[in-house]
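Starting from the structure of chain R, add chain W where the hints point.
The listed protein sequences derive, respectively, from chains R and W. First residue of the first sequence: 1, per UniProt numbering; consecutive thereafter. First residue of the second sequence: 1, per UniProt numbering; consecutive thereafter.
A couple of the hints might just be wrong.
To be verified - For the chain R half of the interface with chain W, some residues (derived, Cβ under 7 Å), not all of them:
{"no.": "1", "residue": "A26"}
{"no.": "2", "residue": "L65"}
{"no.": "3", "residue": "H224"}
{"no.": "4", "residue": "L452"}
{"no.": "5", "residue": "K454"}
{"no.": "6", "residue": "V494"}
{"no.": "7", "residue": "G532"}
{"no.": "8", "residue": "S533"}
{"no.": "9", "residue": "S582"}
{"no.": "10", "residue": "F619"}
{"no.": "11", "residue": "S622"}
{"no.": "12", "residue": "E626"}
{"no.": "13", "residue": "W627"}
{"no.": "14", "residue": "T631"}
These aren't lab readings, by the way, just hints derived from the structure by calculation. All C-beta atoms in this analysis are idealised placements derived from N, C-alpha and C, irrespective of residue type, glycine included.
Number of protein chains: 2
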Amino acid sequence: MGTTEEHHQQYMYTGMNMEACKNRVAVPPPQPFFKSLQTNLKETFFPDDPLRQFKNQPKSRKFILGLQYFFPFLEWTPRYNIGFLKSDLIAGITIASLAIPQGISYAKLGNLPPILGLYSSFVPPLIYAMMGSSRDIAVGTLAVASLLTGSMLSSAVSPTENPKLFLHLAFTATLIAGLLEVTLGLLRLGFIVDFLSHATIVGFMGGAATVVCLQQLKGILGLHHFTQSTDLISVMRSVFSQDHQWRWESAVLGCCFLFFLLLTRYFSKKKPRFFWISAMAPLTSVVLGSLLVYFTHAEKHGVEVIGYLKKGVNPLSFQDFVFFSPYFPVALKTGIVTGILALAEGVAVGRSFAMFKNYNIDGNKEMIAFGMMNILGSCTSCYLTSGPFCRSAVNYNAGCKTAASNIVMSIAVMITLLFLTPLFYYTPLVVLSSIIISAMLSLIDYKAAIHLWKIDKFDFLVCISAYLGVVFGSVEIGLVIAVALSILRVLLFVSRPRTFVLGNVPNSVCYRSVDQYPNAQTVPGILILEIGSPIYFTNAGYLRERIIRWIDDEEDRLKLSGETSLHYVILDMSAVACIDTSGISMLEELKKVVDRRDLKLVLANPGGELMKKLDRSRFLESLGQEWVHLTVGEAVGACRYMLHNYKPKSDLNGETWSNNV
Amino acid sequence: MGTTEEHHQQYMYTGMNMEACKNRVAVPPPQPFFKSLQTNLKETFFPDDPLRQFKNQPKSRKFILGLQYFFPFLEWTPRYNIGFLKSDLIAGITIASLAIPQGISYAKLGNLPPILGLYSSFVPPLIYAMMGSSRDIAVGTLAVASLLTGSMLSSAVSPTENPKLFLHLAFTATLIAGLLEVTLGLLRLGFIVDFLSHATIVGFMGGAATVVCLQQLKGILGLHHFTQSTDLISVMRSVFSQDHQWRWESAVLGCCFLFFLLLTRYFSKKKPRFFWISAMAPLTSVVLGSLLVYFTHAEKHGVEVIGYLKKGVNPLSFQDFVFFSPYFPVALKTGIVTGILALAEGVAVGRSFAMFKNYNIDGNKEMIAFGMMNILGSCTSCYLTSGPFCRSAVNYNAGCKTAASNIVMSIAVMITLLFLTPLFYYTPLVVLSSIIISAMLSLIDYKAAIHLWKIDKFDFLVCISAYLGVVFGSVEIGLVIAVALSILRVLLFVSRPRTFVLGNVPNSVCYRSVDQYPNAQTVPGILILEIGSPIYFTNAGYLRERIIRWIDDEEDRLKLSGETSLHYVILDMSAVACIDTSGISMLEELKKVVDRRDLKLVLANPGGELMKKLDRSRFLESLGQEWVHLTVGEAVGACRYMLHNYKPKSDLNGETWSNNV
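Just chain R, same shape as in the assembly (with noise of 0.2 Å):
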């Protein structure tokens, strides 16, 4: 070996003896209780500290910054000027002409009448634009969530039988998302929505946009009779049992729109300048579609059209809730689950668009947002809003400044709704479904996941599994496959941490993994270890095993090869960052079998938190604090120390030693 080592050697030797290590390894100072009390609390819902600005400010000043943090539009309001309303006028009218036909569309399927989708797009916008702090959201109703309300509803109550009552069912449901929504965000327990891994979404939302685009042959064909089902099979099987009810105009002019809408798309896409011509393409295509059928009288060749739309803004709908019926359970199962993947979509959007423009949202603050917006929106007829990816993304496009955008848009969409609805008799159901699908494929993110199949085969198995309980299931058995994969990922996580067999690196005093590193070389008569995780009670006795089965391995290969046999198990701590007393339990359980094979245990580099711990437990008295070391470096050190100058076994001479090392 080079002249490094030695010198390193050399340097290891003279610095360092055993009395000196004895007061390497800082135990940290003791904290009182509820100092590390508030610390936990604080890193659990706090994490992004939101109370940041409010410190060292007199009280009148705290006052304000109060009521800015729950209305930022008291933040953004002064500082308003000429050259932002420019832009969000003209972010406002280009998401307010996607917004009208859009909202209409997923009204429809989400088996609710049509006007629900302007309703949805006038108030909650509103209330958004005062208690939102995310710049970009661009408030609507999302699509899978309409899916999802419409599927969960009609399985208790027939859309077509009984309208009134499907109608105060989805309204109660809004409001109950809008109580978890707010809720959730007072308890700051926005973190749940963590749980839904990257990997989950990407695969659930590929298999709703499928079911989704499937649920679309209806208008496109022009059927009457649809099933209620929404898996690839008895959507199929619907599709061709009745193929003699084909209508070919139908399907003619919604492949033309469709194709028309995907163009504009692609422009777009290669020319982000133009990203407004993909924006109006959707409100283009109502406009030449409605012009179409009137003037070719469609609707009487098999074209079916909107129909009747009433004028008139919101009406209220407080009333209307249903909480002592049989079918409030529906209700609040629907009001849960829809809440929930609302909030994912729009935490997550907000938080994305945040990043690019280098602004920070407090997740948490959103939810309320939210919550507020689907409350007072439940009581003025609107359904279920949050803050759709695609929307939001064209709100971004268009060079939006702040939330006033979605006044812009409420204003305009208040206008269709006193003015301008009788112009929508004539809109084509197809020309919806075209809209449905060019926005759904997009949510088809087959990059994303032959990008989880090249970095990790579990997540690509998560999130083909969710694509596939969607598709062949049903929405709601996907999410629970989804959840139930997301969660046992966490627990086959923690329950089975990495364990390494380190080796020195050449020319270094560094210790790796001989996996990672093969010419790190391991020390004869040391077996040096290193748990890869915390220690906590759910992988505590899976590490005992492992940890014993390495010393079996290395017993075993050392009798095979006749080396010198095995004296010392280190056991390398950097990353075990904390512990509790099942790990605790665990390290005296292993110090019990080390000691009864005449091997010694040594520790390497434990954190504070362990040390507190194994201080407070007595471990480290019945170790011995001399075996506790500050790296791996100097625990092999004082090891070999021990070794030559005191070689407990015979087995053990200079040559074997001089050869190895």
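Leaving out everything else, chain W in the frame of chain R:
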């Protein structure tokens, strides 16, 4: 600063340049997909490597080893000798003398006919002796599981009004528990038991023991009517509402025997050589109590007795299972809950004693043994059995050598069943109550609770919640609270990992947490953070927020103090043993944020798994391999080198530098 520091600094600068670093952190050699899958599956389901001994053996030997694996008695019978027999005989007779009165008592506790307790100490021990691999477990019924069986089944069927159905449900529940145990064992899902943390079990067992003791007030006070509930308030109300019915004869007798039992226990604890005194005490109490009643005719003066017990060994009971009854769901639920409880106790007891005597037992195989024992038991009029702690401890203390002590106990119980049952006619119930109370008191492990409080406050909270849930709610409520808290604990653990700011430990190249080592010195212009856990989807969002907050804090601090501004953020990835795709995305986002602030992200010591995924996801490319270092020390060296030679910002001058270093 001292010369050692300078020396190291020099070493770093001379020994390293940017080019040399490039190849330092290795991306581990790629592994074929199926090989890594195989490794993962092995670690998940076979962490203890039970097939170890089959390696490199001829086929015939493998067959024998396989037989021995499932029937361990084949392994020890050939080596069995007269010395073993002597020890096992003594141990077997000792545990039989405990098993007979305890069996009868526990059966009463579960509202089952007393004779069932004897049946359950006859067949299951024989099966365990053949299939079990623990040398110390003494098979028998469990107090808590008996109570739980009784109370769960009572909620559906009254044991007094419909004793036959009640009994059949108990057999069915036992069968289900057995099937569940075998299934879990065969699928090697034994690690499910690990999800009950030590703290949970201490609290739950203490609570259950308290509840069981409270139930004995019925026997001690000689009450005829008693509440079906198990919670403290109901029991106290029941006891004090009928204080005119208390029988002093019964109470006096009970207290005397309880005192006697506790005294012998205390004596045996002080002098472990006389373990047999406390082991024989219950049988002695039964004999003394029976004689007393026989001679004083106390059964006519308010002291209830067991009465007639049928002679003869276990009748068959497989014709009694109720699968197609409305009560089946109750039996199913009871079977699952009690089965898992019995498993948890049995496996834990087996493991502890194996640890003492330094032999290995395979938890999953033990489960199969317990399961078979309960399946065959349920066909021969036995109810749920496992390896109870107190009986096994007596067995161990009595010096048992092999599972043959169970056979001896079984034969002793058989003789009792065939010839001696009439002797129990006059046994007073109050003696049984005393036996239960004295056994239960040792389960209330208040010392463990104090230990938990000292070491880990959250673990204590979990423990005390489980205790209070059982005592003031019910056994089931306590169990649900315990499991929910355990899972919540895991989720909190994984979603809120620790992060530390690192500083240079004086006179070393090590960088350690400044919280733990208050004398560690931070490096000006460089923020060094350690991430204390693998990065998963559950903590990725939190870690992003937390790291950004650390950067904010550091920048604020530097601004206030007027020191040099921040230029580099070094992430010490030592503890990040694995990562998923959400974690990779988090790092990508973090890099964007850091870049936008004109800072540079540097990684130190990423592990193999991490490097592999960073490489595949092209994060390494975008970061630049020269910003990945083997140690924090080298990363700091490289950053300092860059700062000195390129001075990215004008705020940095030589003076500040030398003052701070």
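Going down the list of hints, with the structure as the test:
Against a cut-off of 7 Å between C-beta atoms, the interface hint on A26 (chain R) holds, since the closest Cβ of chain W lies about 5 Å away. Contact between L65 (chain R) and chain W, as hinted, is not supported at the beta carbon level, the nearest pair being about 17 Å apart and thus beyond 7 Å. Taking 7 Å as the C-beta contact cut-off toward chain W, the hint placing H224 (chain R) at the interface is violated, the least distance being around 44 Å. At its closest, the beta carbon of L452 (chain R) sits 6 Å from a beta carbon of chain W; the interface hint therefore holds under the 7 Å criterion.
Taking 7 Å as the C-beta cut-off, the interface hint given for K454 (chain R) holds, the closest approach to chain W being about 6 Å. For V494 (chain R), the interface hint holds, since its Cβ comes within 7 Å of a Cβ in chain W; the closest pair sits about 6 Å apart. Restraint check, G532 (chain R) versus chain W: the minimum CB separation of about 3 Å is within 7 Å; hint holds. Given hint, S533 (chain R) at the interface with chain W, holds; its Cβ is 6 Å from that chain's nearest Cβ, closer than 7 Å.
About 4 Å separates the beta-carbon of S582 (chain R) from the nearest beta-carbon of chain W, less than 7 Å, and the hint is met. At a threshold of 7 Å, the smallest CB-CB gap from F619 (chain R) to chain W is about 10 Å, leaving the interface hint violated. Given hint, S622 (chain R) at the interface with chain W, is violated; its Cβ is 15 Å from that chain's nearest Cβ, farther than 7 Å. At its closest, the beta carbon of E626 (chain R) sits 18 Å from a beta carbon of chain W; the interface hint therefore is violated under the 7 Å criterion.
Checking W627 (chain R) against chain W by beta carbon gives a least distance of about 18 Å; that is not within 7 Å, so the hint is violated. Interface restraint check for T631 (chain R): the shortest CB-CB distance to chain W comes to about 6 Å, inside 7 Å, so the restraint holds.
Of the numbered hints given earlier, the model fails hints 2, 3, 10, 11, 12, 13; all others are met.
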